[in-house]
Amino acid sequence: MLSSSITSLTVLLIVVFLFKEGIGLFNQKPVEPGYVIAINKNNKVKELSSVQLKNIYDQKITHWSEVGGTHDSIVLFQLEDISNYYSDEQIGDNMQNLGTCLSRLVDSLPNIIAFFPDKYLDKKFQGTLLEVDKVSLADFFAGKEWIPSAKPSAQLGVLPLILGTLWVSLGAILLALPLGLAAAVYMSEIANERVRRIMKPLIELLAGIPSVVYGFFGLVIIVPLIQKTFDLPVGETGLAGSIVLGIMALPTIITISEDAMRNTPRAMKEASLALGASRWQTIYKVIIPYSISGISAGAILGIGRAIGETMAVLMVTGNAAVIPHTILAPVRTIPATIAAELGETSNGGLHYKALFALGCILFLITLFINLTVEFISNRQKHNKN
Amino acid sequence: MYKIESKNVDFYYGPSQALKNINIAIRSNTVTALIGPSGCGKSTYLRLFNRMNDLIDDIKIIGQVMIDGEDIYGKGINVDSLRKNVGMVFQKPNPFPKTIFENVAYGLRVNGIKDKKFIEERVETSIKQVVLWDEVKDKLKKSAFELSGGQQQRLCIARALAIQPSVILMDEPTSALDPISTAKVEELIYELKAKYTIVIVTHNMQQAGRVSDRTAFFYLGELVEYDETKKLFTNPKQERTQNYITGRFG
Ligand SMILES: Nc1ncnc2c1ncn2[C@@H]1O[C@H](COP(=O)(O)OP(=O)(O)O)[C@@H](O)[C@H]1O
Ligand SMILES: [Mg+2]
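Chains A and B supply the protein sequences, listed in that same order.
Going by our numbering, the first sequence opens with residue 97, and the numbers climb by one from there.
Going by our numbering, the second sequence opens with residue 39, and the numbers climb by one from there.
Warning: the hint list may mix true and false statements.
Partial selection, computed: residues in chain A whose CB lies under 7 Å from chain B [as the list claims (entries may be wrong)]:
#: 1; residue: Asn359
#: 2; residue: Ala363
#: 3; residue: Ala367
#: 4; residue: Ala373
#: 5; residue: Gln377
Here are the in silico distance ranges between beta carbons for each label pair [to be verified]:
#: 6; chain 1: B; residue 1: Glu173; chain 2: A; residue 2: Ser104; range: 33 to 39 Å
#: 7; chain 1: A; residue 1: Trp376; chain 2: B; residue 2: His241; range: 46 to 52 Å
#: 8; chain 1: A; residue 1: Val309; chain 2: B; residue 2: Gly187; range: 50 to 56 Å
#: 9; chain 1: A; residue 1: Ser104; chain 2: B; residue 2: His241; range: 35 to 41 Å
#: 10; chain 1: B; residue 1: Ala63; chain 2: A; residue 2: Trp376; range: 33 to 39 Å
#: 11; chain 1: B; residue 1: Lys98; chain 2: A; residue 2: Trp376; range: 25 to 31 Å
#: 12; chain 1: B; residue 1: Gly187; chain 2: A; residue 2: Ile119; range: 56 to 62 Å
#: 13; chain 1: A; residue 1: Val309; chain 2: B; residue 2: His241; range: 39 to 45 Å
#: 14; chain 1: B; residue 1: Pro135; chain 2: A; residue 2: Phe464; range: 52 to 58 Å
#: 15; chain 1: B; residue 1: Phe156; chain 2: A; residue 2: Ile305; range: 32 to 38 Å
#: 16; chain 1: B; residue 1: Lys113; chain 2: A; residue 2: Asp327; range: 51 to 57 Å
#: 17; chain 1: B; residue 1: Glu158; chain 2: A; residue 2: Val309; range: 41 to 47 Å
#: 18; chain 1: B; residue 1: Lys98; chain 2: A; residue 2: Asp327; range: 57 to 63 Å
In silico DMTMM-like links for lysine to aspartate or glutamate, alpha-carbon gap of 20 Å or less [as the list claims (entries may be wrong)]:
#: 19; chain 1: B; residue 1: Lys58; chain 2: B; residue 2: Asp109
#: 20; chain 1: A; residue 1: Lys381; chain 2: B; residue 2: Asp118
#: 21; chain 1: B; residue 1: Lys130; chain 2: A; residue 2: Glu366
#: 22; chain 1: A; residue 1: Lys220; chain 2: A; residue 2: Asp203
#: 23; chain 1: A; residue 1: Lys230; chain 2: A; residue 2: Glu241
#: 24; chain 1: B; residue 1: Lys155; chain 2: B; residue 2: Glu184
#: 25; chain 1: B; residue 1: Lys231; chain 2: B; residue 2: Glu43
#: 26; chain 1: A; residue 1: Lys381; chain 2: B; residue 2: Asp109
#: 27; chain 1: B; residue 1: Lys136; chain 2: B; residue 2: Glu159
#: 28; chain 1: B; residue 1: Lys268; chain 2: B; residue 2: Glu225
#: 29; chain 1: A; residue 1: Lys381; chain 2: B; residue 2: Asp153
#: 30; chain 1: B; residue 1: Lys166; chain 2: B; residue 2: Glu184
#: 31; chain 1: B; residue 1: Lys177; chain 2: B; residue 2: Glu158
#: 32; chain 1: B; residue 1: Lys98; chain 2: A; residue 2: Glu289
#: 33; chain 1: A; residue 1: Lys296; chain 2: B; residue 2: Glu43
#: 34; chain 1: B; residue 1: Lys136; chain 2: A; residue 2: Glu366
#: 35; chain 1: A; residue 1: Lys137; chain 2: A; residue 2: Glu241
#: 36; chain 1: A; residue 1: Lys140; chain 2: A; residue 2: Asp203
FYI, nobody ran anything at the bench for these hints, they're computed from the structure.
The beta carbon of each residue, even a glycine, is placed where N, CA and C say it ideally should be.
Throw the hints in and build the complete structure from the sequences for me.
Below you can see the structure in the form of structure tokens.
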């Protein structure tokens, strides 16, 4: 009782902490602090979303009409382009005239969009400063791109990361479940005591190997194997991640399923065998149904391990933050993203907050998984009484 | 010819000997009771007849156990078929966590029988044989766990009967039941004798007296005395038997 309330309290504290750090994200604009985006004062457009802004700078949007303006094509401007319009003398030796130049430039080109530091903003600036929408929940959860360093506007869509995580974990469990179940059946019902006594500690040992070692194993053996087998440009793919995670989830699945199977009352097994059922019939008609809750708990905890796993995945999945369409494409997971990027962020910045929000998502996913296990094992206890 | 015969049977769990040179012959359509103090080897002996002891690691059997003249530990014996012929009822009712119907149908299904109508008929006759039909006919789709202990045990007997064995082994089948349920099961055993050869382990000497034709008294892994039940209880040849049945030990 006490331990469970301590656990709940800790969990609550973690959530509060992650949430506190992450929530500020939705109060912020995705544009780099200290920069402004300006357009001509006659331009009808007053607001752009972060995605629109990025598409404009990626030249996927080339006409103002696409964002609610006139039919003219957009003229992109970044600070380094200034020399195309003004000579060094006009700007001045110490850039003392840069502000005036920018103001005049924006005023003279009706279709310009300019992105520059606000310290060069002239006091009598002749243009409109564009409002960029705050990061919205929809942008965050449904955004298809995760490019936190994109300029002028960071792209913070976590969809590819969530999908990458689920994709890799699902693949892992699809590989690990049949294998783990077979091994558990073998250990609990077929192997004799001596073999069991050797295998059991070996499998438990497998659970204790640091994940970076699995990562190396994946990188050296599985990645090249996938590359060769499927004739791919790179072997670092979702599949490689699934295989490595599947192997890592195996000990959990085997140990828990085996325990559940061994808990099948002897009377049940004997009843089945005494009716002339073969050993295999007894396994799939009595033992597996009887231990199904334990097996599911093992599988779910296995997924749980896979979802939270960082290092090994980081090493073998290629880490491309794009929505994966096949298992043979590189993917990036939430934990890998946090681990790889947190070190490069500035404390309290947009990117930093976005990573904490990601942590919240990951935490909720694992919490959900743990609650499911709790629910299943409660039901199991209930069944036995 | 005898239905069941054991010749010079020794049995070991690892290094410890649980049965010593047991010789018993059992005729068809009789009830044989195995009695003796706890730990004397009754269950071990009973479980030899359907090779249930095979599940335990590190056991050794010496001698011969014959059913219908065939050595069931001989080469070429199919254990699954043996167990179809030699049914078993356990000490505690052990229905599967399935419906009442599926419990009885289980033995048929694992024997590869698919014919729905055949299965339904056989389930019904088996449940009727154990006089449980009127109590369960409206809830065949309910879990077997909803039945009382006595009903569960009769269901387990029906489950064993459904595959039409010729021998039924019972290991203290009433020890977990109340007196009324016990009486019902005993009555049933008496009736089943017409069709089956029954070997029953019992702790309860009155029960042995009521249901069995012959009784074997085991003591510390040895067969002390094996005789007609009446004789064994009224006029035992061995002093140890006398002591046991008069309650001086055990
Ligand atoms: N699985 C086993 N492993 C080792 N010894 C056993 C096992 N089962 C029973 N025994 C031993 O064999 C002896 C006979 O047991 P059992 O046949 O169960 O006696 P009973 O049914 O007459 O009470 C006992 O001494 C018991 O401890
Ligand atoms: Mg016993």
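task = Given the hint that B/Lys58 pairs with B/Asp109, test it: the Cα-Cα distance must not exceed 20 Å.
result = The hint holds at about 19 Å.
task = Mind checking the alpha carbons of B/Lys98 and A/Glu289 for me, to see if they're no more than 20 Å apart?
result = Given that 20 Å is the threshold and the Cα spacing comes to 17 Å, the pair holds.
ask   = Are B/Lys155 and B/Glu184 close enough, with their CA atoms no more than 20 Å apart?
value = 25 Å, violated
ask   = Does 39 to 45 Å hold as the CB distance between A/Val309 and B/His241, or does it fail?
value = Since A/Val309 and B/His241 have Cβ atoms about 58 Å apart, the given range 39 to 45 Å is violated.
query = Are A/Ala367 and chain B close enough, Cβ to Cβ, to be under 7 Å, as the hint says?
reply = 5 Å, holds
query = Once the shortest beta carbon distance from A/Ala373 to chain B is found, is it less than 7 Å?
reply = For A/Ala373, the interface hint holds, since the closest Cβ of chain B sits about 4 Å away, which is under 7 Å.
message = A/Lys296 and B/Glu43 were given as a pair; does the straight-line alpha-carbon distance stay at or below 20 Å?
response = 42 Å, violated
query = Does B/Glu159 lie within 20 Å of B/Lys136 when you go C-alpha to C-alpha?
reply = Holds, because 19 Å separates the two Cα atoms, which is no more than 20 Å.
ask   = Given the hint that A/Lys137 pairs with A/Glu241, does the C-alpha gap stay at or below 20 Å?
value = 31 Å, violated
inquiry  = Assuming the hint says 33 to 39 Å, is it satisfied by the Cβ distance from B/Glu173 to A/Ser104 or not?
reply    = Given range 33 to 39 Å: violated, Cβ gap about 48 Å.
ask   = Are B/Lys98 and A/Asp327 spaced within 57 to 63 Å by their CB atoms?
value = Given range 57 to 63 Å: holds, Cβ gap about 59 Å.
ask   = Straight-line Cα separation of A/Lys381 and B/Asp153 no greater than 20 Å?
value = 19 Å, holds
Hints 1, 6, 7, 9, 13, 14, 15, 17, 24, 26, 33 and 35 from the list above are not met by this structure, while the remaining hints are.
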